[in-house]
Amino acid sequence: MSADPWQTAEIPGPMKALIITKPVIVSGMLKKAKRAIMVVGHEAAEIDFGGERAIDYAIRMAKALQIPVVATAHIAGEFVKRGCDQVWWMPAVDIGNRLQDPDWQGLDGKGQYDLAIFMGITYYMEWTILSGLKHLALHLKTVSLDRHYQPHAFWSFPNISLEEWQKNLKEILNQLEKRL
Amino acid sequence: MRKRNVHIKLDRLKSDLTEISGLEISIGKAIEEEWAEPLGPTPCPSLATLRDWDLKLLQRYKPFYMPYCDVCCLCTMGKCDLTQGKKGACGLDICAQQSRVVLIACCIGAATHTAHARHLVEYLIEKYGCDSPIDVGADVGVEVEAPVTRLVYGEKPKTLGDLEDVLNYLENQITHLLSVAHTGQEGSKLDFESKVFHAGMIDQVGMEVADIAQISAYGLPKADPNAPLVETGMGAIDSTKPVILVIGHNVPPATQIIDYLGEKDLMGSVEVAGICCTAHDLTRYNPRAKIVGPISWQLRFIRSGFSDVIVVDEQCIRTDVLAEAQRTMTPVIATSEKNCLGLPNRTQDPVDQIVSDLVEGRSPGAVIFDTEKVGEVAVRVSMLLSPRRMKFKVIPDLAKVIEETKRCAQCSNAPCRKACPNDLPIPDAMHQASESILEGLANLYDLCIGCGRCESACTNDLPIHSYIIGASKKIVNEEKFKVRVGRGAVQDVEIRKVGGPIVLGEIPGVIALVGCANYPNGGIEVAQMAEEFAKRRYIVMSSGCAAMSIGMYCDEEGKTLYEQFPGEFDAGGIVNVGSCVANSHIAGAAIKIASIFAKRKLRGNYEEIADYIHNRVGAVGIAWGAMSQKAASIASGFWRLGVPVIVGPHGSKYRRMLLGRKDKVKDWYAYDTRTGEKVFVGPCPEHLFYAAETKEEAMVMAAKLCMRPNDTPRGRAIKLYNYIDLHKKLYGVMPDDLHLFVRRDADLPITIKDEVMKILKEKDWKENVIPDPTLLPRLIRGKGGLTDER
Ligand code: SF4
Ligand code: SF4
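Residue numbers (my numbering), protein chains in the order written: chain A, 1 to 180; chain B, 1 to 790.
Same shape as in the complex, but just chain A:
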């Protein structure tokens, strides 16, 4: 599987994300994390899998892992509407800025996170934020669960089809929800 950025020229440099070849990589990593957080952008509320939206998967994942979600852009209400009570909201660059600060004590004041899962932020903007975190947040691992390769994440899917993406997300959820 080739690790090419979704937008051809958005090449990073010497460090590139590892490819998530199997959903178990993600579920394993999520289970291992001590303090994980999800960051979900506005596209998650728009991407339609035919009835379900990407945001529904994000909510299920956050619930299964009992981790907080930061809704970026203007989609906080979409989470609330769906009954998600683990949601905080702030601009994407704000959560990026806090995650790179080793002294940030997290949304609950209990300490910085060690794993951040990203989904649904406009490709090139998520790209730049993940770049900031790759360079400056050495305490943090980042995972992109978008369907396009994000070279600045620590782990990312390669460029995959909508169907393949949905299948992968479902599989990750199955493995996480099995734990419950």
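Take the hints with a grain of salt, since some may be wrong.
Dumping the calculated DSSO-like pairs for lysine-lysine here, alpha-carbon to alpha-carbon at most 27 Å [said to hold, decoys possible]: (1) Lys158/B - Lys110/A; (2) Lys763/B - Lys63/A; (3) Lys63/A - Lys167/A; (4) Lys158/B - Lys601/B; (5) Lys753/B - Lys81/A; (6) Lys16/A - Lys87/B; (7) Lys662/B - Lys56/B; (8) Lys141/A - Lys87/B; (9) Lys63/A - Lys22/A; (10) Lys653/B - Lys16/A; (11) Lys16/A - Lys110/A; (12) Lys81/A - Lys56/B.
Read the hints as simulated data drawn from the structure, not as lab findings.
Bear in mind the structure is a predicted one, so any value in this text is a computation, not a measurement.
Fit chain B with the ligands to the given chain A structure using the hints.
Just chain B with the ligands now, kept in the frame of chain A:
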């Protein structure tokens, strides 16, 4: 009399000061003291003069770096891998490297505006004389004619000749600033950032010089809120006539086209239409000229074959304009030394010969530096060529689009889509088109920024952008709008009227929609933002491509926003100041509030005025499609004044944000000048530079960023109402940070008082004082150095 550490052009010395020609005064020029206002502490600041102020801002608004590249390749010791804390061969780390690149970008921006100003001033002096007066609105009582120049340079320019002295200072500073980016100069990221601010401030003066020179000499609208409406859009161009297209930012050659048409009584026979800021300035010069559209309209208009001749000056012109023009058999006239396009220099040749060569196709274009000659050649070529060209176009008609899209291979890795900055679903649209369904392609029309990258990437060399335009024929034909001509400065009397309501917060804010057209979802988002804020009785200002986008949408009655809202600098106005260089009037308005309304000393008194603006003037810039280096330097000029700037998602590629941390209470204290005490003022404004993901997010943030520590309770209540209302409407929930913005009961908007109070109680909110705020200890009363005489 005092000395300035600047260089002076020798020929100017000889002509103006013949009695001392030959004298060695290249390090300083005597300046007459004629201005009663005493000189402030920082006239003509050099690189580090305002460093303390910058560091104060940067302490609050720390850079969040988002490196755009992991390496540095600026010297031959590199490439250096700077990932995860590694240093380059010179010792620089990734953060300082990002700041260094931002500095280079801002130097490019400042140099571009300043060089533009230099060219204009020299040209206008030659045409109208050195003593030609500066007048940006004397008839309507504009006395503070050059607020940015007065503030930074410390002088009142009275004539075009005076502007040369100002430019000497700017050029000197830009040279120093650029030298900072050399390998082994500055090593601190924050010092780089301080110099970024300096470049922005210099840029603001450069823009002001350019615009006041052209307003004064050309008689462009002088602070006129009722400047005329001009026709805009591709559908507004009468293609039955010869058409001259002007592209760029520097208007003299275009004015000569109008003058020549006037002289020959041909004004009604030839269409003169512009793209980008030359279009703004040309319509300011003569509102019978037309605006085609913003920068992103270049390919679509050229390929549509409307233009019979294209005249380019400088900045933001497609560098492949000549190749594109050749496809439609349109000759190109290049008029700026900065942009010769590989064409032969025909400046000295007889007009008849140039015209003949261009009309007969013996040459694809010509460089002509003599603007009068440009006027004549352009008109004559357009008239002779128009019947021959028959508006030859390369945009296919609908049948051809359907036929040609069948050649799309539906490549599995979609190189066209992957090249598209806006990730537009090109292969799907191509497939639909090949089956005679053209909606898919037409739906891309508004979202496409006309970059042409998809075509370069297409494995089958398909002209995808042309297909989008071809499939959107109906939209193109109906593209007829009205834009209010750039009015120039804000009147002193307007400032007197609204200065109080702005500073007290009763006008909830000034929202400046500026910058290029690199929009993530089309220009309509800019128009929607303008409409929302104008309806909420903010003052909406605009310039450049954004000002065009605001005018390119109509309501059900067919009226554009410029026809629906007045052009006054007042609540509910939509104020188009003009081209990029007219951005200086937006900064100028904020500065004039401090000077005219609050009577703060202006002259060479940067820190105090910036402190005033930062704490009291609820202004926010939104550069939704910011693209260029000039946009970067324009933004940085506002940062140094303490005015926050929001950019669209593409703006995240500017490599770093300047973000406040509202969760860090200690960051949000200011002095109360009355007591000297440090008081909590809340995160007002929360950020200095910030990229929003969506239009909705930008609008909510803009409303929030308008809050200032100085707001009266009534003013704060109005601002809070707008913030809360927009948040509820666009986010679908109440804001979660109201406890940081409510200082006392009276700040609460009456209609939602109970709802907000409940939230405040949950957050353990306590009342706070409303200070007379400053970040400068020297302004504390009783501690010496107070300059506030109110
Ligand atoms: S020309 Fe339009 S469709 Fe093509 S890459 Fe540029 S923005 Fe995308
Ligand atoms: S690259 Fe060209 S041929 Fe391939 S899918 Fe895109 S438009 Fe079709």
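Now the hints, each set against the structure:
no.	hint	verdict
1	Lys158/B - Lys110/A	violated (62 Å)
2	Lys763/B - Lys63/A	holds (25 Å)
3	Lys63/A - Lys167/A	holds (19 Å)
4	Lys158/B - Lys601/B	holds (19 Å)
5	Lys753/B - Lys81/A	holds (24 Å)
6	Lys16/A - Lys87/B	holds (19 Å)
7	Lys662/B - Lys56/B	holds (16 Å)
8	Lys141/A - Lys87/B	holds (22 Å)
9	Lys63/A - Lys22/A	holds (22 Å)
10	Lys653/B - Lys16/A	holds (18 Å)
11	Lys16/A - Lys110/A	violated (31 Å)
12	Lys81/A - Lys56/B	violated (42 Å)
Violated hints for the displayed structure, listed by number in ascending order: 1, 11, 12.
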